[in-house]
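Student: Here are the chains, one letter per residue:
Number of protein chains: 2
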Amino acid sequence: MTLMEDAKKGVITSEMEAVARSEGVEAKMICSCIAKGTITIPNNTQRECRLIGIGKYLSTKVNANIGTSRDYINIDDEVEKARTAQAYGADAIMDLSTGGDLDLIRKRIMDAVELPIGSVPIYQAAASQKAVVDMTSDDMFNAVRKHARDGVDFVTVHAGVNLNSIQRLKKGDRITNIVSRGGSFTYAWMIHNGEDNPFYSEYDYLLDIAREYDMAVSLGDGMRPGCIHDASDRPSFMEFITLGELVKRTREADVQCFVEGPGHVPIDEIELSVKGMKNLCDNAPLYLLGPLVTDIAPGYDHITGAIGGTFAGMCGTDFLCMTTPAEHLALPTNDDIREGTIVTKIAAHAADLAKEGQKERARAIDDRMAHARRNLDWDTQFSIAIDGERARQIRESRITGSGACSMCGDLCAMKIVNKALEEEEEGK
Amino acid sequence: MTLMEDAKKGVITSEMEAVARSEGVEAKMICSCIAKGTITIPNNTQRECRLIGIGKYLSTKVNANIGTSRDYINIDDEVEKARTAQAYGADAIMDLSTGGDLDLIRKRIMDAVELPIGSVPIYQAAASQKAVVDMTSDDMFNAVRKHARDGVDFVTVHAGVNLNSIQRLKKGDRITNIVSRGGSFTYAWMIHNGEDNPFYSEYDYLLDIAREYDMAVSLGDGMRPGCIHDASDRPSFMEFITLGELVKRTREADVQCFVEGPGHVPIDEIELSVKGMKNLCDNAPLYLLGPLVTDIAPGYDHITGAIGGTFAGMCGTDFLCMTTPAEHLALPTNDDIREGTIVTKIAAHAADLAKEGQKERARAIDDRMAHARRNLDWDTQFSIAIDGERARQIRESRITGSGACSMCGDLCAMKIVNKALEEEEEGK
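Going down the list, the protein sequences come from chains A and B. When you line the first sequence up against the numbering used here, it's residues 1 to 428, in that order. When you line the second sequence up against the numbering used here, it's residues 429 to 856, in that order.
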């Protein structure tokens with residue numbers, strides 16, 4: 001029995017109850033949304049993981065990407081990154097390793113953290129070959145099966161990169177064509193082998209595997225725009241349409257899913273992308289990488305992503321994939337993962353402050369901070385802050401004797417107004 | 429003759445021509461917008477400064493705040509911060525010093541950079557007293573006159589904090605009351621002295637001074653919300669209304685101005701704030717501090733400000749005041765000023781990508797970056813990047829022999845797709 005089968009029968013399971021408790025909502029609502037496919041709780045039957053709900057009425061979640069590359073293979077480093085992401089508040093982790101003993105790395109990461117783990121099996125199928133295009137469709141499905149058996153909670157498959165979307169690409173005028181790694185493998189494979197994408201043409205087989213392990217499917221956006229110029233174009237929307245059709249089939253197979261989205265999108269097109277995807281994919285939970293709101297800020301793409309992510313969250317995005325300062329430049333370090341996770345948590349919270357169903361809960365936290373600020377109660381401020389440690393460090397590096405902060409000292413607006421209010425009160 | 433007098437007569441001056449050249453627009457348009465008050469070029473007659481236009485149809489500008497505090501008085505540090513802000517692309521600098529020899533500090537900063545300089549004269553009037561409330565209204569106006577004579581290009585006056593807005597404050601339910609430093613001085617002064625704000629009640633006198641030196645007036649938002657809870661409330665809108673009336677009087681006096689805005693605003697209320705202010709202030713150029721989209725990220729308020737600033741820019745904000753990582757915590761260091769300036773430049777550019785009239789120019793830059801990315805042309809990428817130095821440093825810290833970056837190495841999507849396209853081309 002998959003969770004979705006239970007949900008469709010109206011059975012409220014312990015997983016639904018756990019998520020309902022942590023979100024402060026009714027388990028019945030969770031059950032009904034899972035049945036409809038608007039909430040997903042990724043949790044492979046082969047693994048115990050923290051139960052998180054992604055989707056409608058729930059708080060915005062954050063994923064951290066980690067993993068080795070061909071050039072930097074250090075398992076301990078990746079395990080440390082996974083622990084850092086968890087410690088700083090990530091809700092899920094994707095292992096995107098492409099270098100070294102991939103099975104061992106995945107196992108080590110899954111053992112190190114309790115968060116749900118996602119992966120991209122085609123990376124392993126491709127990375128095991130001399131050339132990406134040499135893998136067979138069996139290699140691709142076998143990689144999926146291996147990950148499922150190992151307990152991966154959700155897998156990304158780029159099933160939307162098919163002959164149809166590639167036709168749209170060829171008739172378009174993209175600058176960066178395909179920038180999704182899995183999308184590029186799939187595209188190269190299709191060109192080389194003269195066949196359609198097996199994950200698309202044999203999608204039912206993929207669903208069989210996913211159902212067996214109750215593994216969630218993350219419908220990857222292999223055609224996502226890789227620059228501002230390419231945003232919201234016909235290949236993007238063609239893929240949204242295909243993904244929407246696959247969402248329908250996934251739900252019919254009682255498998256949970258979510259849909260991945262762009263990418264690089266200017267701020268005035270984010271609403272279009274988010275609402276377009278939600279609409280074309282029948283309100284499946286939406287998982288965005290960014291979106292990055294400009295191309296020209298390498299070194300700061302955790303910030304361009306947080307800008308886009310906040311607005312996308314407000315428009316209805318459920319799950320934000322962090323970007324790090326190393327995006328477009330290098331394999332992230334542990335510090336990059338820390339920074340990326342924190343900044344994406346900020347975006348998720350800022351989105352929740354504006355999301356129906358989340359506003360009240362989220363605003364109560366900011367209100368507590370506001371009271372602590374007015375009272376110059378620094379310890380409470382640091383305890384509420386997303387990264388109280390860094391806040392404390394900055395304050396203490398340049399202290400003042402005034403009780404305020406060293407920006408204003410005894411000219412602090414809070415101090416002056418608090419005093420004026422007292423004076424007024426006494427005068428009455 | 430003030431620039432606005434010229435503009436109203438249809439005289440196209442060298443200042444208008446300079447801005448038109450740097451923005452790639454018609455000088456006639458600049459002239460007509462200055463006449464209407466929708467573009468401001470701050471430039472005191474006593475000082476030569478870089479000519480920048482702020483307002484309609486123009487690129488989004490960035491201001492950097494620097495200045496000593498009571499507890500940290502080091503003139504060389506502040507001069508270095510001013511140089512840093514200019515070097516990293518700020519369009520204007522405000523000297524907010526409150527500690528030390530304020531005249532000397534202001535002079536040193538004005539000598540060190542060519543950017544337009546703004547100040548808040550009430551800081552000097554208040555800081556020279558034993559208690560803020562001891563200053564006289566003469567002290568306040570004398571400070572304005574001194575700054576004008578010294579060549580300050582724009583001054584902030586919190587003329588919107590008056591008996592009316594304070595009534596709205598008292599009938600409301602704010603948590604943080606007044607968080608503007610100048611606003612708090614004014615409020616305390618009014619309570620203590622039982623009089624209305626001189627900058628409001630004698631606003632014509634202020635305009636006389638400003639006109640004499642053709643100094644622009646920045647209508648400060650002393651009532652700006654200091655937390656998410658207080659955003660978009662009645663005291664805020666009361667101040668917008670007052671500021672709108674003052675905009676009208678300022679224009680009638682042939683003095684250029686802009687209007688300052690919040691503050692802390694959740695992302696779903698930013699459009700309301702920006703459009704509300706634009707509407708109530710007859711499309712005066714709008715200058716925002718942030719807005720910060722959450723209260724709970726001290727240490728990262730350059731980022732919460734960049735998130736709000738990008739969206740606010742898209743909604744029509746003309747001028748973004750940077751926040752730094754030290755916001756709410758300490759006097760910023762030189763590194764903080766660098767970081768704050770860069771991140772705010774990112775927000776301004778991301779806003780321009782979405783602004784009518786700016787899109788085409790801004791997108792051309794991102795398109796060049798996208799081409800460089802596809803071609804794995806790293807030197808060009810670094811030359812286009814907002815902070816190419818840091819981008820290069822990150823890439824070079826973890827290099828790969830593949831020509832790509834160390835995230836993907838030879839599994840780089842760009843490399844794989846470029847190769848597949850070649851293969852396809854040859855196959856034809």
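Any given hint might turn out to be false.
Taking lysine-lysine pairs in the DSS-like style, the calculated list, with each CA pair at most 30 Å apart, reads [to be verified]:
(1) K28/A to K275/A
(2) K56/A to K170/A
(3) K146/A to K599/B
(4) K415/A to K787/B
(5) K170/A to K787/B
(6) K359/A to K598/B
Read the hints as simulated data drawn from the structure, not as lab findings.
Student: Hint by hint, say whether it matches the structure.
Tutor: Here is how each hint holds up against the structure:
no.	hint	verdict
1	K28/A to K275/A	holds (26 Å)
2	K56/A to K170/A	violated (36 Å)
3	K146/A to K599/B	violated (65 Å)
4	K415/A to K787/B	violated (44 Å)
5	K170/A to K787/B	holds (26 Å)
6	K359/A to K598/B	holds (26 Å)
In this structure, the hints that do not hold are numbers 2, 3 and 4, in rising order.
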